[in-house]
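Input sequences plus hints: build the corresponding full structure.
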Amino acid sequence: MARDTLAKVRSFAGDVRKHWSKPAEGRYVPYREYKDIFVAVGSNYAGSKLLEYIWFGASCYLFMYHYQLPYLTFAIIGLINMPLNYVWAMIGWVINDNLGFLEKKKERMLYGLYFGLIVIGLTLILAPISLLFNQNGAFVTFMNGLEGINCDSAFKILGTHILWNGWAGSRNIFWRKKLLPKFGRYKYSLYCDFLPKIIMVWVIGWLPLYNIPDMVERVWKANLLFAVYSIFGFGNSLEACAQNISPNTHERVLVRTYPIKLSHLAHSIFAIVLPVIVGWLPHKWEDINLYHWVLPISFTVFALLTMIFAGRIKERIPQPPLEKKVQINFWDGMFGVMRNKYKWVQTIVGLLDSLGNGMLPFATILYLYTMRLYGLAYSLIVALVSFAGTPPDLFTPFFMKRFSYKQIMIFYQLSRAAGNAVIVASLFFLRGSPTLCGIVCIVVLIFMEMTKTVPTSVGHDMDIRVNDYQMYLSGERLESFSGVFGWFTGPITSFVGLIIPLLLLAHGFNSNWDVLYVDDSRLWIIMIPILIDIVGYLLMTIPYFFWDYDDDKQNKVMAVLRRREEVTAAQTEGQVSTNG
Amino acid sequence: MAKREKTKKARKNNLVDQAVYDAYKDAIPADEIWDYQVEGLQKPHINKPFENMRAKKIVVVIILVIAISVSIFFSFWILHNDAFKYTALEDGTTEFTRFSNPGELRELRIDYMITDVQSDLQITKDEAGKEIRTTTYTLTRDETRPITAIHEYAFNCDEKIRVIEIGRDVTKIDEKAFYSCYALREIRVDEENPNYCDIDGVLFDKDCTELICYPIDHDAYLRERFGYVDEKTGETTQFWPTENWKNEGKDKYNEYYTRQYENEVNTYVVPSTVKKIGPLAFNYSELFRLYLPEGLERLETMAIFRNWHIERVDTYVGDYDGNEPKDEKFIPDGANVKYSLPDSLTYIGSDCFNSAIEMDYIYIPENVTEIGHHAFWAAARKENGKLIGLYEIHAAREQADFKENVTTGDEWTGEYDNGVFPKNVPVLYGETRLPLPEEPAPAESQK
Chain A
11 MARDTLAKVR SFAGDVRKHW SKPAEGRYVP YREYKDIFVA VGSNYAGSKL LEYIWFGASC
71 YLFMYHYQLP YLTFAIIGLI NMPLNYVWAM IGWVINDNLG FLEKKKERML YGLYFGLIVI
131 GLTLILAPIS LLFNQNGAFV TFMNGLEGIN CDSAFKILGT HILWNGWAGS RNIFWRKKLL
191 PKFGRYKYSL YCDFLPKIIM VWVIGWLPLY NIPDMVERVW KANLLFAVYS IFGFGNSLEA
251 CAQNISPNTH ERVLVRTYPI KLSHLAHSIF AIVLPVIVGW LPHKWEDINL YHWVLPISFT
311 VFALLTMIFA GRIKERIPQP PLEKKVQINF WDGMFGVMRN KYKWVQTIVG LLDSLGNGML
371 PFATILYLYT MRLYGLAYSL IVALVSFAGT PPDLFTPFFM KRFSYKQIMI FYQLSRAAGN
431 AVIVASLFFL RGSPTLCGIV CIVVLIFMEM TKTVPTSVGH DMDIRVNDYQ MYLSGERLES
491 FSGVFGWFTG PITSFVGLII PLLLLAHGFN SNWDVLYVDD SRLWIIMIPI LIDIVGYLLM
551 TIPYFFWDYD DDKQNKVMAV LRRREEVTAA QTEGQVSTNG
Chain B
166 MAKREKTKKA RKNNLVDQAV YDAYKDAIPA DEIWDYQVEG LQKPHINKPF ENMRAKKIVV
226 VIILVIAISV SIFFSFWILH NDAFKYTALE DGTTEFTRFS NPGELRELRI DYMITDVQSD
286 LQITKDEAGK EIRTTTYTLT RDETRPITAI HEYAFNCDEK IRVIEIGRDV TKIDEKAFYS
346 CYALREIRVD EENPNYCDID GVLFDKDCTE LICYPIDHDA YLRERFGYVD EKTGETTQFW
406 PTENWKNEGK DKYNEYYTRQ YENEVNTYVV PSTVKKIGPL AFNYSELFRL YLPEGLERLE
466 TMAIFRNWHI ERVDTYVGDY DGNEPKDEKF IPDGANVKYS LPDSLTYIGS DCFNSAIEMD
526 YIYIPENVTE IGHHAFWAAA RKENGKLIGL YEIHAAREQA DFKENVTTGD EWTGEYDNGV
586 FPKNVPVLYG ETRLPLPEEP APAESQK
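Read top to bottom, the protein sequences are chains A and B.
Read in order, the letters of the first sequence are residues 11 to 590 in the working numbering.
Read in order, the letters of the second sequence are residues 166 to 612 in the working numbering.
Since the hints were made in silico from the structure, they are not lab data.
Don't take each hint at face value.
Coverage of chain B stretches by chain A, computed from C-beta distances (three or more under 8 Å per stretch; other residues unrestricted) [to be verified]:
(1) 219-226
(2) 462-472
(3) 537-545
Across the chosen pairs, the derived CB separations fall in these ranges [what the hints assert, rightly or not]:
(4) Arg42/A x Gln202/B: 34 to 42 Å
(5) Thr299/B x Phe152/A: 16 to 24 Å
(6) Thr252/B x Leu217/A: 36 to 44 Å
Quantities reported herein were computed from a predicted structural model and do not represent experimental measurements.
Idealized CB from N, CA, C, for every residue including glycine.
Encoded structure:
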């Protein structure tokens, strides 16, 4: 047995040595790139996860403990920005799905528009626009009645939104054109964003806007600060790149299962270390030093590591050369994505999933308010729960072969519903003993984590396959144009997503999270959203019955894409293939 | 043999895509690469006009415009908070369910349903040319709709309201009605109200057996009452006699003055009629000292929650009804004061002393039979290697007696950092109450 294992290890080691720089026949990724993926994606993932501690939302610790803004204000700001978002989205889709390469005239026109937006945005922020209206009229009275906002600040918030879109839009064209040919469609943004992002992480920690006594002023200034911060992205781009790293579907699954999954180890370790460091701070998560030092230093390290290794990962989507790229106009893009049946399936799933929108992070409340965990105990529990998903994930290729994607996703939704039902029962029946209730909930969270990772991998693969299929249908992946589905569902999801915050407000949840120490309020604040979520999970099984895109179809689609690449490349070189 | 088969299988996996591609390469002519349809899937549609394009565009645009408009309208409609929300009760009266400050409303009387709010903004400039905005509000009341109840969280997290007046018909006020009203200084109750009363801006039930709410910013009211007012701005002056003041050698620091300020502003004496301190009654107060009457029986859930500055919660013996001359403050004298909680106490609610980190002594008397979960949570910690706060709890009962007769909730003692894992705060059983620590009076010369 041992000898057999040793032989296997030796054989694998030999294989690694042999194909360290050059991949095996039928494969595209050498083993050296597996190592680079491990480090680069690990750093990028850990850095991007770290940014989840710094975002413009009620459950960010900075807002929980320092800014203390009303919960509903975040939704109101979203609504103020919503109408114009449709306009920016349309323009963005055309730019993004043409990879930033536009006709000269169109490009000049867009630059003009974006600079105009910057001027309008700055005017709205700096000038007292609300004074143009009757201060005692219906409009001003209505705006003053919004939570955390008044008429004056609403214009500043709108100005911030317009400024942001002007600035982000012009950067989008400029940097795409400049960097995309060299770094590919997934990685290019890291190169222009990482440095300003590091600076903004430090600025957010040190700029004491949370000390502004007037809440309305605190709201719009925080919104402006976070808008500037979010101009610069540090998304998990390298993982997106690595997930598309090979035209070989089997190799994609291997890369996703091993180097990508193992790369998340950096984050897992950090997730243990961070709460320990926080435990040393006098005021724990409420300590501002978390934002002064701990997060900025950690992010800077991860961002630098990401950039050192980013260049070593290659993007290998079978696609025509840029000169032969299919040009996508607005309506072609719109109708192109709407023809894709599988996008509709995913859209309906997303729509049903929005039933849980607006709920507070259950696990955080459980750890901090029910069980009162902090320091190492907190880290270990968080690590235990998140690690629970790793062992099953290593068997993802097995599950993918043994079960259909449809079966896996239906099981996933049912397991969520069952797990959440047990959580609700324990919250209700064990409400008198927080520790026991917490233990039961943690066991359920572990079960849910174990049953989550394989469907998550399958979900990622479904997304990539749907994009491959879109490329087969329309000649481009149209990832941005897919946003049109958000046009149909976005307003509905926002509307549905407001139901939970309003219910929470009725049970006392507003800007002060301490209400979660009130036992009966905490019970309802947690339970109501979970009950709604359970209904969502049960309904989400239905669309998956219409999923029939299997391995055979995917392989054939990839073959068509590769054939297109081959023919167009040959045409570019003036050597048109004649063998048909 | 098995090994060879596995290798073969793996190789097959690698090559399956290649095999499909090789088959397709021959099947797809170079001039049909953009049109070739895979069996069972839709046909590609690339660089070609769609059929009935105009009609389709119109349909899509109409659907989107309707969907977006309706949703935006409803979203704003839901989010817009009426300043006052009410619920009709079965008996024909009205419950006040939610208040959303229309802007700068500082005082509110709750007696009848408010049907209209008119605001008038005046913009003036001060001597330095700085803009001053003042809004006055005119509230219209429907006197046929008296308010009889105030719902939980009706005033949740308001940061502007300073004074709330309770009308005579209000017979039920939820204990969480004024949760986190950080600017609330006074609650005044109509003298004809049958169920409630106020004593100097603090809310009680009518016979003063339960203290319901000590407003969070009541110290601002007390500063005003005792004359700590900024001459220039007219605002009540916050005075923090911190160590920094001493170190910076500021003239203002004066031990006598500080003691007097703390007595007048940061000290509260609970009237001797009170048997129960209600849930959340003193939450977030800026109190340094709290005197409880001998005779008090219950400290409810979160009664003294997050009183970060509170140093002492002591007991006094004697009669005190809470009424006193405007410029005088009653402070029980040493002979009538006992260190820590009253002997009459039977119940300490959950999170009652949460975050009372400035306290250094707590004594649980013999009559206490129930202590809620996390009652002394976050009230002890290690700072520079030294334990501070309630790092030990003194109990009158012997250990066996305590375990048998006192019901305790989870983690009731609290814990503090102790190396890698936290350590539970120890309980010292069978203790006698410590005598009141001596406090040297400030030198007369400082007067």
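Verification of the supplied hints:
no.: 1; hint: 219-226; verdict: holds (count 3)
no.: 2; hint: 462-472; verdict: holds (count 4)
no.: 3; hint: 537-545; verdict: holds (count 3)
no.: 4; hint: Arg42/A x Gln202/B: 34 to 42 Å; verdict: 39 Å, holds
no.: 5; hint: Thr299/B x Phe152/A: 16 to 24 Å; verdict: 21 Å, holds
no.: 6; hint: Thr252/B x Leu217/A: 36 to 44 Å; verdict: 43 Å, holds
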